[in-house]
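Residue strings, one per chain:
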Amino acid sequence: MSVEFTFDGRPLTAQAGQTVGAALLAEGIRSWRTTRFGGRPRGLFCGIGVCFDCLVTVNGEPNVRACLAVVADGDAVRTQVGDGRDSGE
Amino acid sequence: MIGAACAYYAARAGLSVTVVDSGPVAGGTSGGGEGNLLVSDKEPGPELELALRSQELWRTLAAEDDGALGAAFEYEAKGGLVVAFTAADFEALEGFAATQSASGVVAEQVAGERLTEFEPFIAPGLAGGFWYPQDAQVMPALATARLLRASGARLLLGRAVTGLLLSGTGAVRGVRTSSGEISARYVVNAAGFGASAVAAFVGSALPVQPRRGFVLVTEPLPAMVRHKVYSAAYVADVSSSDAALQSSAVVEGTPSGPVLIGASRERVGLDRTPSYDALGRLAAQAAELFPFLADVKVQRYYAGFRPYLPDHLPAIGPDASVSGLFHACGHEGAGIGLAPATGEMIVALLTGEDPIVSPEPFRPSRFAEPGEVAE
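The listed protein sequences correspond, in order, to chains P and R. Reminder that position 70 of the first sequence reads as 70 in the working numbering, one-by-one numbering, no gaps. Reminder that position 233 of the second sequence reads as 233 in the working numbering, one-by-one numbering, no gaps.
For the record, the hints were derived by calculation from the structure and aren't laboratory data. One should not assume that every hint holds.
Stated by the list, open to error - Cβ-Cβ distance ranges computed for the label pairs, FRET-style: (1) P:L68 to R:S323: 55 to 61 Å; (2) P:R30 to R:S16: 48 to 54 Å; (3) R:D311 to P:R30: 55 to 61 Å; (4) R:S16 to P:E61: 54 to 60 Å; (5) P:T35 to R:E43: 38 to 44 Å; (6) R:P291 to P:T35: 37 to 43 Å.
Computed from a prediction, not measured in an experiment: that's the story for all the values here. Beta carbons are placed, not taken as given, at the ideal position from N, Cα and C, and that holds for glycine.
Throw the hints in and build the complete structure from the sequences for me.
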């Protein structure tokens, strides 16, 4: 079973039950957030829900942990800039 | 933090200092706090006097190196806003602020409809509040580390103090640690919630007990909470001697984005088990102050232990019986705020200078005087 989702508007396919982080990693995408101060790239670090490094915006909701959130059919995943609530989002 | 401040002022006075800690820097009492530098919650008396002196010293420290030191430990002279839900609470705040003003605290009354000028996202319909421009904030672990570094003191981490060494005349001559002995003319016990055990090495009574608190940490947000904001109930909680759970929300933003939500108080020993009762109450009380917080995610919480003394005053000064031994502990939840003035006082006592704030009310020997200490 596979599910369809988008990352920054680009259509992608994941296996049912995969987390957002696993699905992005499987597509070769390693970074989906930039830091609040230096604008540096971030992706999976601990991978087990502890470090809050892999935050991403899912369906407009910022600060979702990509390593824990299971990707659902039709999800719109977007790169999170800073705290995810900046006017540019 | 207290130890770091003692080290900093001792080194500046020309003393050679060694700091011994069983854990890492700020791994105990200081790492579990919020970094409040408050005068707003203190009634007139010796603690307020110490707090006002400390605010001056924090300002001076923060300004060092053209402000680089303050920036490094996230010093923010942001001010505090204490709010009242009811007219009766507002009236009580007014009375409290009037007594504080006579002691040098700046407090400005803010009518309910003007609260949004200070905090645009505060709950509507509050009775009013008081604005305390002297309240400030630091990041406590960074402040501890930066002060230690600035002191140039020798730092021995991961070494527990296991005993005090006494000379033939009964004066202190150093400490025994988990790996070797260290000679010293003076020993300052700044062991936070472990200070009682250090005093007990020489049979001194210093009844420091841990008073647990939880802090909730939200997801990072833009600057939506501008000052320290807490409800009038907090002042009563701080001064309570009850062992059971008390909680009242203290809400503040941080330079890195997350909002910190304290403050619960309970005496349950050194138990770090999460209390969902305490955490839930803090979250609900914070959302009463700032409704938008109801839709904000909490990323984590941490627990800390305030070093509590039964008369709510720290112990600062010489030991009741052992010459050369000094105590600087028991600041409960105000230790970060009171640290510089405590360090300054300890060093004045060590070097025979006149302390700027009278040390008499803080004398550790009060616990060796039966019947002297009121709850």
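Results for each hint:
The hint said 55 to 61 Å for the Cβ distance between L68 (chain P) and S323 (chain R), and at roughly 58 Å that hint holds. Between R30 (chain P) and S16 (chain R) the C-beta distance comes to about 50 Å, which sits within the given range of 48 to 54 Å. At roughly 57 Å, the beta carbons of D311 (chain R) and R30 (chain P) sit within the given window of 55 to 61 Å. A hinted range of 54 to 60 Å holds for the C-beta pair S16 (chain R) and E61 (chain P), which are about 56 Å apart.
For T35 (chain P) and E43 (chain R), the Cβ-Cβ distance of about 43 Å falls inside the hinted range of 38 to 44 Å, so the restraint holds. P291 (chain R) and T35 (chain P) have their C-beta atoms about 29 Å apart, which leaves the hinted 37 to 43 Å range violated.
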